[in-house]
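Based on these hints, arrange chain B on the given structure of chain A.
Spelled out, the chains give:
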Amino acid sequence: MPRKPSPPPTVITRRQFAQTAAWASATAALTVVPAAASPILGNHGDNESPLDEAESEARWQAIVHRYGDRLSEEQKKRLRKILAYNEKLLTPIRNYPLNNGDSAATVLKFYEHEAARALRRSAKDQDHDNPKAKE
Amino acid sequence: MLSEDILYLPVRQLGERIRQRQLSPVALAESYLQRSQQLGPQLNAYVTITTGLALEQARAAEREISNGHYRGPLHGVPYAAKDLVAVKGYPTTWGARPYAQQAFDYNATVIERLNQAGAVLIGKAAMIELAGGLGYESAKAALTGPCKNPWNPKYWTCGSSAGSGAIVAAALAPWALGSDTRGSIICPSAWCGIAGMRPSFGRVSRHGAMAIAYTMDKLGPMARTADDCGLILSAIAGHDPRDHDSLPSSLASFTYHGAETATGPLRIGRLANVWNRMDPGLEQRLDDALKVLEKTGAKIRDVQVPDGPYEEAAELTILMEAASSFQDLIHSGRCAELDDPLGRINGYASEQFTAPEYLQVQRVRLQLQRQIDKLFEDFDVLTTAGQSTAASPIEAPPDDGSEEPLERRAPDGLSSLCGLPAITVPCGFSKEKLPFGIQFLGRALHDHAVIAAANRFQAHTDWHLQRPPLQGA
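Residue numbers (the working numbering), protein chains in the order written: chain A, 15 to 149; chain B, 36 to 508.
Bound-form chain A, shown alone (with noise of 0.2 Å):
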């Protein structure tokens, strides 16, 4: 579900839709919090570089070349606005500093101190069970 309004017509995943509604539906003043972006990091709101653009295009020619039979003129024109909308999620990951022997999160995994203290569980464990392997 949901997350908060962007160009339209756009990618509106499971929390978009609720909040973009839930805006719109808000009639008294709201409380404003200004949303610092950092520098590094890059703002949302930035406009597309042309690199982008052409990656953009990129990948719009080959959903066209690989699917065009099956949409409609209307459809290609939103894929475009979908694939620009991407391209801006996208960027602050590009431009997030990483160091060569940063791993990825491909199986999420808990926390160092989690990991420590089920592993001084499981040792505790194994010493009751087996009180001589200690020894």
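I should point out that these hints are in silico values taken from the structure, not numbers from a laboratory.
Owing to the predicted nature of the structure, the values given are computational and were not obtained by experimental measurement.
By construction, the Cβ of each residue, glycine as well, lies at the ideal position given by its N, Cα and C atoms.
One should not assume that every hint holds.
Below, computed lysine-lysine pairings styled on DSSO-like, alpha-carbon distance capped at 27 Å [to be verified]:
1. B:Lys175 / A:Lys95
2. B:Lys175 / A:Lys90
3. B:Lys334 / B:Lys409
4. B:Lys326 / B:Lys409
5. A:Lys91 / B:Lys175
To list a few chain A residues with every Cβ distance to chain B over 12 Å, as calculated [what the hints assert, rightly or not]:
6. Ser63
7. Pro64
8. Glu67
9. Ile77
Covered stretches of chain A, as calculated for chain B (at least 3 residues, CB under 8 Å) [stated by the list, open to error]:
10. 89-99
11. 110-118
This is chain B only, laid out in the frame that chain A set:
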């Protein structure tokens, strides 16, 4: 039919009455079934009501309990399950037209665990098609139509566990199973004025449940109270070798004995910069809620979430993984059968992401996870609103084209991205008499902490005892 006073009781009290043989599981199931048949269609709350199975399970529970074999607090207690978990012998539609005739010849692990606990399945709850896995732009993106909020049927329940929210709020069942990839339990629970919990990633097996994003999907309880969420979680949590991401046994299991209320000093960090905007009425209710907690000895301080592309990483992870999980639907062109215009084409765009891009997102994710974990060095739980507004109208106008800045620190995105537990409970009403929720987020695997904080709040408030003004009940 049993009185509404009984049907609105929390699971703990229903279970206790059943244990003491003051309440018949059969009578309870019949009453919830009757209410579900009467009100369910008005709210578009169910895909399937499993009358035969419910009565069979209720009779078995009654027999066992009479013979002195009591299984625990869920024994003989009805529930509903979001229609993305497989129940043998019944349709499992994933809320989507292309899967309207789908059925599995096995039960999801979570259903098996509930069968072992002696729970009684009343029905399969309505949901947003594919739980929004390929995107959606309207409450109407559901096989069974827009789910209506019991507090006001002109308003939506939120998604994607839409039916689960309506079912609990309208007392069609005392609790329901939901799923949450990024906010799909928390939002409908907040908007429907109930308790909803997203457990830590990996605690509850997803074997037999529809996948959207393998590294973000979770199943969890939606109920009347935080205490009920604890009871239910203790029944459904545990390692399952059939779910690749299931935590090892020592971490996955969850024991919950009673209404734990965090008796010691509770350190709460109030998230000060996660929403771009918040309904001022809700802001006031949050202040009131935190004053209640302060009076119980809680120490509350504002905390800032450091900048980072949390929302982008969450959204990209879902888009990329969904392109894989729904690959058949996209390649076959059957995504055109979806109700939502966005859902029909979004998969084509998501397929264009590359493997290095996916890996880059997952590398950034690890950094963000570390950043968020540090916040818990000073706090037991973090808190904010369940959502930044009350429910929106079903007929809300579509995206008006305004270029809002991305809400990159929105709590659903950042906590789901990091697999953190969260719970929301009601904390007041809007001027339209629609519920507001307060949520508590915990460190990974600290599910007890969020339940305890919410229990403490509910022990000193009665928002969860309010009932919606249902017509035709």
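Now the hints, each set against the structure:
no., hint, verdict
1, B:Lys175 / A:Lys95, "22 Å, holds"
2, B:Lys175 / A:Lys90, "23 Å, holds"
3, B:Lys334 / B:Lys409, "18 Å, holds"
4, B:Lys326 / B:Lys409, "26 Å, holds"
5, A:Lys91 / B:Lys175, "23 Å, holds"
6, Ser63, "16 Å, holds"
7, Pro64, "19 Å, holds"
8, Glu67, "14 Å, holds"
9, Ile77, "5 Å, violated"
10, 89-99, "holds (count 5)"
11, 110-118, "holds (count 5)"
Violated hint for the displayed structure: number 9, the only one.
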